[in-house]
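Respectively, the protein sequence lines represent chains A and B. Residue 106 in the UniProt record's numbering sits at position 106 of the first sequence, with consecutive numbering throughout. Residue 14 in the UniProt record's numbering sits at position 14 of the second sequence, with consecutive numbering throughout.
Hints were generated in silico from the structure; no laboratory data involved. Treat the numbers as computed from the prediction; the structure is a model and nothing was measured. A couple of the hints might just be wrong.
Since the list gives no way to pick one copy over another, a pair counts as held whenever it fits inside one copy or between any two copies.
[As the list claims (entries may be wrong)] When the alpha-carbon atoms are kept at most 25 Å apart in a straight line, the in silico DSS-like pairs for lysine-lysine are as follows:
no., residue 1, residue 2
1, K327, K181
2, K283, K320
3, K283, K342
4, K247, K269
5, K305, K319
6, K373, K320
7, K251, K365
8, K257, K320
9, K283, K48
10, K257, K319
11, K269, K118
12, K269, K181
13, K283, K244
14, K305, K320
15, K228, K305
16, K319, K251
17, K378, K182
18, K121, K44
2 protein chains.
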Amino acid sequence: MSFSLLRQSLTRPISSSSRGSFGLLRFLSVKASAITFANTGIPKDVVKLVSYELNGPGPDEILVKTLASPINPADINQLEGVYPSMPAFTTELTPEQPSAIGGNEGLFEIVEVGSNIKNFKAGDWAIPRLPNFGTWRSHALVTPGDLTPINRDGITHTQAATISVNPCTAHQMLTQFVDLKKGDWFIQNGGNSGVGRAAIQLGRIWGLNSISVVRSRDNLDELIAELKDLGATQVITEEQLNSKAFKPTIKEWTQGKPIKLGFNCVGGKSATGVARQLGHGGKLVTYGGMSKQPVILPTSLFIFKDVSAHGYWLSAWTKKDPEGKGKAVEEMLNHIRSGQFKDVPVSPNVWSNASSDEAKLEVFKQALDNATKGFAGKKQVLEFTD
Amino acid sequence: MSFSLLRQSLTRPISSSSRGSFGLLRFLSVKASAITFANTGIPKDVVKLVSYELNGPGPDEILVKTLASPINPADINQLEGVYPSMPAFTTELTPEQPSAIGGNEGLFEIVEVGSNIKNFKAGDWAIPRLPNFGTWRSHALVTPGDLTPINRDGITHTQAATISVNPCTAHQMLTQFVDLKKGDWFIQNGGNSGVGRAAIQLGRIWGLNSISVVRSRDNLDELIAELKDLGATQVITEEQLNSKAFKPTIKEWTQGKPIKLGFNCVGGKSATGVARQLGHGGKLVTYGGMSKQPVILPTSLFIFKDVSAHGYWLSAWTKKDPEGKGKAVEEMLNHIRSGQFKDVPVSPNVWSNASSDEAKLEVFKQALDNATKGFAGKKQVLEFTD
Chain A
1 MSFSLLRQSL TRPISSSSRG SFGLLRFLSV KASAITFANT GIPKDVVKLV SYELNGPGPD
61 EILVKTLASP INPADINQLE GVYPSMPAFT TELTPEQPSA IGGNEGLFEI VEVGSNIKNF
121 KAGDWAIPRL PNFGTWRSHA LVTPGDLTPI NRDGITHTQA ATISVNPCTA HQMLTQFVDL
181 KKGDWFIQNG GNSGVGRAAI QLGRIWGLNS ISVVRSRDNL DELIAELKDL GATQVITEEQ
241 LNSKAFKPTI KEWTQGKPIK LGFNCVGGKS ATGVARQLGH GGKLVTYGGM SKQPVILPTS
301 LFIFKDVSAH GYWLSAWTKK DPEGKGKAVE EMLNHIRSGQ FKDVPVSPNV WSNASSDEAK
361 LEVFKQALDN ATKGFAGKKQ VLEFTD
Chain B
1 MSFSLLRQSL TRPISSSSRG SFGLLRFLSV KASAITFANT GIPKDVVKLV SYELNGPGPD
61 EILVKTLASP INPADINQLE GVYPSMPAFT TELTPEQPSA IGGNEGLFEI VEVGSNIKNF
121 KAGDWAIPRL PNFGTWRSHA LVTPGDLTPI NRDGITHTQA ATISVNPCTA HQMLTQFVDL
181 KKGDWFIQNG GNSGVGRAAI QLGRIWGLNS ISVVRSRDNL DELIAELKDL GATQVITEEQ
241 LNSKAFKPTI KEWTQGKPIK LGFNCVGGKS ATGVARQLGH GGKLVTYGGM SKQPVILPTS
301 LFIFKDVSAH GYWLSAWTKK DPEGKGKAVE EMLNHIRSGQ FKDVPVSPNV WSNASSDEAK
361 LEVFKQALDN ATKGFAGKKQ VLEFTD
């Protein structure tokens with residue numbers, strides 16, 4: 001992937017005879033910078049900013065600049081060393097100790113393409129085709145296989161930079177486990193999360209009914225109104241989810257129709273509560289564990305209600321079917337274009353390529369800190385400017 | 001089912017004109033007795049013995065006598081009122097209050113068939129075709145659809161009376177969730193249970209490798225030797241299952257082959273331990289919850305190892321596919337005939353039809369008490385004698 005390409009470009013003399021034969025090649029060299037980590041641990045303590053010169057693309061390469069990149073929970077888990085999939089650690093940028101570039105999601109603009117590149121041109125947009133890209137960097141030298149092109153018409157940087165993780169997770173979980181028909185119900189905890197909001201909206205677009213569980217909070221009514229505005233059929237609290245007295249209300253809503261699918265990103269009691277609402281043969285899909293509690297499921301649900309419990313990992317699906325993911329992304333970008341799909345609330349963090357290394361690292365660390373704290377429920381996004 | 005037939009036979013005059021036309025009909029009347037329960041609660045407190053006269057079969061009926069019937073955990077759960085499937089409660093035997101006959105598994109011998117019955121004859125053996133038969137009774141009037149015939153050659157009463165619940169559960173769980181090939185591994189807790197022993201033996205017959213988890217006990221070496229004699233590849237304790245230090249030993253046994261299937265009848269930590277041993281994409285099948293603890297599964301197993309958790313309920317499968325069950329029974333009876341399949345250790349309880357009602361109830365209650373305590377790890381079986 002990108003690292004081996006980086007190796008080529010860094011170690012190859014800028015003006016070699018082989019490259020000299022491509023008359024149109026601009027011998028561009030950009031000052032690039034990246035957030036790297038050599039060790040895992042407390043995120044803010046392990047990240048470093050590294051600056052380096054990046055040559056223009058070889059004949060089969062593409063030079064991209066990053067337009068925007070979010071900080072997702074899985075990115076933080078990688079810094080913590082608690083994620084089973086990690087980027088490659090090399091000494092290319094940090095000769096003293098192997099390190100990796102963080103970040104898995106982002107939007108790139110093509111700056112310059114090598115002479116053999118036919119399917120990308122300067123100005124095009126693209127997102128990483130596979131996980132572990134290392135998106136927290138200003139520029140990258142890649143090959144076409146590293147990128148999934150996207151149509152930039154009518155899409156903001158942030159929308160494109162945040163479409164491929166949370167909305168794709170919701171898209172896949174709603175389509176890959178149960179064949180939901182119009183009018184069918186699903187239930188999810190973490191209703192206010194990026195995935196939760198995407199599931200609510202896809203549910204609305206596809207004619208599905210949803211029950212979204214959120215934590216109690218001061219501005220609960222406001223949040224409920226916001227999620228209903230997105231298309232949530234019903235929004236309940238964790239307390240209501242786990243209250244026996246509330247069960248008849250849910251039955252009334254569903255008019256006895258079985259809830260066929262449940263999403264869990266919390267674990268513990270909340271996962272139990274979601275599973276208990278499922279109808280006979282219902283499926284619980286776990287995609288996160290925010291409470292750090294395991295998934296606890298009564299024996300009787302498995303045996304007598306034929307409930308089954310599954311997991312969903314976007315990285316695995318992306319590796320298995322990058323083209324399928326590309327299609328899901330394009331489908332959701334179309335929903336954005338038609339005004340049917342709102343992107344997740346975002347907190348922008350401006351990373352100026354012209355600023356000092358210290359300033360960039362400061363911006364990143366502040367964003368990281370906010371992301372770790374779940375600051376104001378907004379997704380932290382790095383917005384790169386020249 | 002049997003109850004409505006009982007109603008017919010009890011309310012119809014023994015010598016009605018319609019029956020008189022069947023010249024060969026013996027107007028047999030037998031003294032029958034049954035273990036009934038009108039309420040649920042503490043098992044020994046809710047069971048009653050009821051005696052009644054049973055007429056000979058009508059033209060479409062079959063009179064059977066019970067040869068043997070075990071007391072299974074699910075039977076006890078029905079008495080306790082904690083089982084989601086229950087027999088019909090009627091006033092046929094207990095006019096003062098509706099009651100049901102307990103017991104779901106058993107072996108019957110055909111005593112007499114009605115004139116229209118072609119596929120059964122006196123002396124044939126049969127087992128209940130569906131759950132909630134009410135097998136704890138000396139005799140029953142049924143129709144052919146209530147029975148699954150079995151070939152009595154080379155089979156003992158106990159073998160036939162205990163083949164359709166535990167061994168069928170093992171048979172289905174080994175075949176319906178994962179397509180296991182020769183040399184594949186599965187793991188199970190409750191290795192010493194009826195299902196566990198059946199799974200060990202079917203595994204051996206089919207060339208599968210098994211790891212069976214048992215509780216520590218004084219005679220552990222003896223039990224391990226016994227299960228290995230049945231064909232267990234490996235037998236470990238709950239402590240070993242949950243010890244990180246023991247994991248390399250299991251890896252050595254499996255030579256890194258993924259364990260594809262796990263059976264859980266315990267719940268709690270034990271279920272977690274079984275699930276943790278599963279390889280990528282492995283399936284955990286829960287069929288019991290002896291510890292009364294829920295199934296607790298780490299989030300990471302679902303997401304990163306693609307483990308899924310399912311339930312198996314024999315009653316549901318039997319209702320859905322009674323013919324499939326009949327085939328599984330016949331297959332396992334053949335394994336018994338060829339000496340490949342040993343029946344579960346049994347503690348016999350002789351129910352003499354000639355004895356007093358008090359004596360019968362006493363025998364039943366002792367068997368029930370032993371079954372509730374899991375007395376000496378043997379299955380309690382009522383053996384009916386004339």
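Here is what the structure says about each hint:
1. K327 to K181: within (21 Å within a copy, 36 Å between copies)
2. K283 to K320: both (22 Å within a copy, 20 Å between copies)
3. K283 to K342: Neither: 27 Å inside a chain and 37 Å across chains, both beyond 25 Å.
4. K247 to K269: within (16 Å within a copy, 29 Å between copies)
5. K305 to K319: between (33 Å within a copy, 15 Å between copies)
6. K373 to K320: neither (32 Å within a copy, 51 Å between copies)
7. K251 to K365: Answer is neither: 46 Å inside a copy and 42 Å across each miss the 25 Å cutoff.
8. K257 to K320: between (34 Å within a copy, 22 Å between copies)
9. K283 to K48: The answer is neither: 42 Å in one copy and 41 Å across copies each exceed 25 Å.
10. K257 to K319: Close across copies (23 Å), not inside one copy (36 Å); limit 25 Å.
11. K269 to K118: The answer is neither: 53 Å in one copy and 57 Å across copies each exceed 25 Å.
12. K269 to K181: neither (29 Å within a copy, 38 Å between copies)
13. K283 to K244: within (21 Å within a copy, 31 Å between copies)
14. K305 to K320: For K305 and K320, the Cα distance is within 25 Å only across copies (15 Å; inside one copy 32 Å).
15. K228 to K305: Cα proximity of K228 and K305: none, with 30 Å in one copy and 34 Å across.
16. K319 to K251: neither (39 Å within a copy, 27 Å between copies)
17. K378 to K182: neither (31 Å within a copy, 52 Å between copies)
18. K121 to K44: neither (37 Å within a copy, 81 Å between copies)
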